[in-house]
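Undergrad: Each chain is listed here by its residues.
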Amino acid sequence: MTTASPPRPAIRIAHLNHWYGEGDLRRLVLRDLSLSVERGKTTFLMGPSGCGKTTLLTLVGALRSVMDGSVQVLGRELSGADETALVETRRRAGFIFQHHNLHRSLTVLQNVRMGLEVKGEAGKRDAIDRCLEVLSAVGLADHVHKYQDQISGGQKQRAAVARALVGKPELLLADEPTAALDSKTGREVIELVQRLAAERGMTVLMVTHDNRILDIADRIVEIEDGRILSEAPPKADAIPHPERLPTVWTRV
Amino acid sequence: MLRARTPLGWLQLTHSKSRFIVASAGVGFAVLLVFMQLGFMNMLFDSTTVIHQQFKTDLVIMSADAEGIVPDSGSFSRRRLIQAAGVPGVADWAEVYIGTLNWTKPSDGTLGAVVVFGVPTDVRVFANSALDAQMPLLRTSGTMLIDEGSRGDYRAFFARIAAGEQPQVKLAGETVTAIGTFNFGSSFGTEAYGVVSRETFLQLDRSRHPGVINMGLVTVTPGVDLASMADAVSKAIGATEVKVWTMPDFMEVTRDFLRVNSPIATIFTFGVLVGLFVGAVIVVQILTSDVQDHLGEYATFKAMGFKNRYLLGIVYEQSAILTVFGFLPALLLSILLYRLVGAAVAMDMNMTWSRVGWVFALTVGMCLAAGTIAVRRIYSADPAEVF
Ligand SMILES: Nc1ncnc2c1ncn2[C@@H]1O[C@H](COP(=O)(O)OP(=O)(O)OP(=O)(O)O)[C@@H](O)[C@H]1O
Ligand SMILES: [Mg+2]
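Protein chains in written order, with our numbering: chain A, 1277 to 1528; chain B, 12 to 398.
Think of the hints as simulated: they come from the structure by calculation, not from any bench.
Among the clues, some could well be false.
No farther apart than 30 Å at their CA atoms in a straight line, the calculated lysine-lysine pairs in the DSS-like style are these [stated by the list, open to error]:
#1 A:Lys1444 <-> B:Lys318
#2 A:Lys1395 <-> A:Lys1444
#3 A:Lys1422 <-> B:Lys254
#4 B:Lys246 <-> A:Lys1422
#5 B:Lys318 <-> A:Lys1400
According to the in silico footprint, chain B covers these stretches of chain A (three or more CB under 8 Å from chain B) [as the list claims (entries may be wrong)]:
#6 1294-1308
#7 1374-1388
#8 1391-1399
Glycine included, every Cβ here is placed at the ideal spot set by N, Cα and C.
Same shape as in the complex, but just chain A (with noise of 0.2 Å):
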């Protein structure tokens, strides 16, 4: 594929600020923020806990209201944006939570169906099929009759990353999808979500901690104190703390 101009960003922040609190308890955690993620790639932001991170994550979301500054994405500003412009944007977009948040009295089926019916496209005809084909994709095809206390935590954090797939969202956002996870399978999920965002073109904006899977971010933006502190990949000198990263960080 050609990209005959330059794409528009997935996601666009300019001069964001956001607190919380109000008053003399007023703590300011995000200050004049501004970032730009590119359609397509798989972005990690970093940085160390209370950072804000988390909050800048639920902002992109729509989760959250913005207070000050302006935050676009998929094209449309969030700012001022009513109930309903917060709701829609939320559903374009997929999200993969530090715990996996399963519905505990739905089987892993009808929890990814969710996805599906939120879309308003659960009961279309191929509605099952194509949950199927996800949990196949994540690995989980023999497991979709079960609840999720019948399954591991690797394979819960499959079941969510199938339930925030299945409707094709143009976004996937991840607050450290891998903190439940041992190491191994913490890999093999983020792979998988590589894997899928690629084959569908997806932007990804995920937090992590995680050391071990830098290098299959396409970019790292490190955050400080409410501040983007550094962004990678320029070139290796530049990465802000080079003895917390692998050797192999980048694929650009």
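Knowing the structure of chain A, use the given hints to seat chain B with the ligands on it.
TA: Here is chain B with the ligands on its own, set in the frame of chain A:
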């Protein structure tokens, strides 16, 4: 499996079978309370008209201020009945004297009261054919028939009658011979009933003028419309001291009188409200704790793009499920209990369609109200908190 919507309310409620059974039982218990309250109330009202059904008649003429047949029938002039007899379409008529007389109870020899009906023996007065068959026996002066449902232990006494003996009874100071028994069925208010001939009655109740009666029974020729006959008879009499009813209408009057003039309706209405309140509290409890248990899942759904409305739907779906799964077993159990209670007190305790409809509507209202209280927590599920 092509439903567009996952039945989440159902799946959540039934995920734990034991919890679901307890929840349905809670709702069912409230519904059962309501059914039993209404059943008892109507049985009380019905009990006042059991006596009405003993008489074989088309129309009944009563004093205008009659509250029923027993105990307060009121009285009026026998001439009114004679006037009615002349109306075209009237086939037969009978006067009934009613009095509460003192007697020495044949059960244990203590003093008591018995409601005595004095009736003519040459026309059909009573619906019960076993009783009717004994009427000619009453032509012997000083004889009476006694209700088997009289309160007290009459077994030995009735056994003597059944064996062909004719035991003596002290009634209103006179000695009367008990020559038979009959069965009026149960009644809450009256200790005992007796039936005597018109003539015997007037001998026993010496203060009674023969021209003053308590009830007039009128049979019309077959095929005549009863309501218009009642009007015609009423016009012919032309007096405000009496009223002419069809028997079903007079039964309604008696029930209404009790409804308006006794605290029965208020007491049982309160009972119904308590039942509904208990039910609503149970349902709020069940639904609220279910919402609380699934708050994380609901927040996840919101993050995925489900609207509040979808989540509210889950709670209302659950309240509808609890309505049905609480109501149906409670209905079946109520019908069973009605039978048992009815058999125990020898009265009809019947389930009516309108009561089923009303209680179902109340149950729906109860669960809807409870759902409306429980859904408020849905709004506290914050999609920003799921990461
Ligand atoms: N709901 C909230 N109310 C008040 N303060 C909050 C809230 N959520 C986050 N914060 C604060 O805002 C700051 C940024 O939080 P955030 O969760 O975005 O950090 P993070 O980079 O995701 O950290 P971690 O790596 O530990 O997940 C932190 O200091 C946190 O304590
Ligand atoms: Mg975080």
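Undergrad: All hints are to be evaluated individually against the structure, with a verdict given for each.
TA: Quick rundown of the hints versus the structure:
no. : hint                    : verdict
1   : A:Lys1444 <-> B:Lys318  : holds (20 Å)
2   : A:Lys1395 <-> A:Lys1444 : holds (10 Å)
3   : A:Lys1422 <-> B:Lys254  : violated (76 Å)
4   : B:Lys246 <-> A:Lys1422  : violated (81 Å)
5   : B:Lys318 <-> A:Lys1400  : holds (21 Å)
6   : 1294-1308               : violated (count 0)
7   : 1374-1388               : holds (count 7)
8   : 1391-1399               : holds (count 7)
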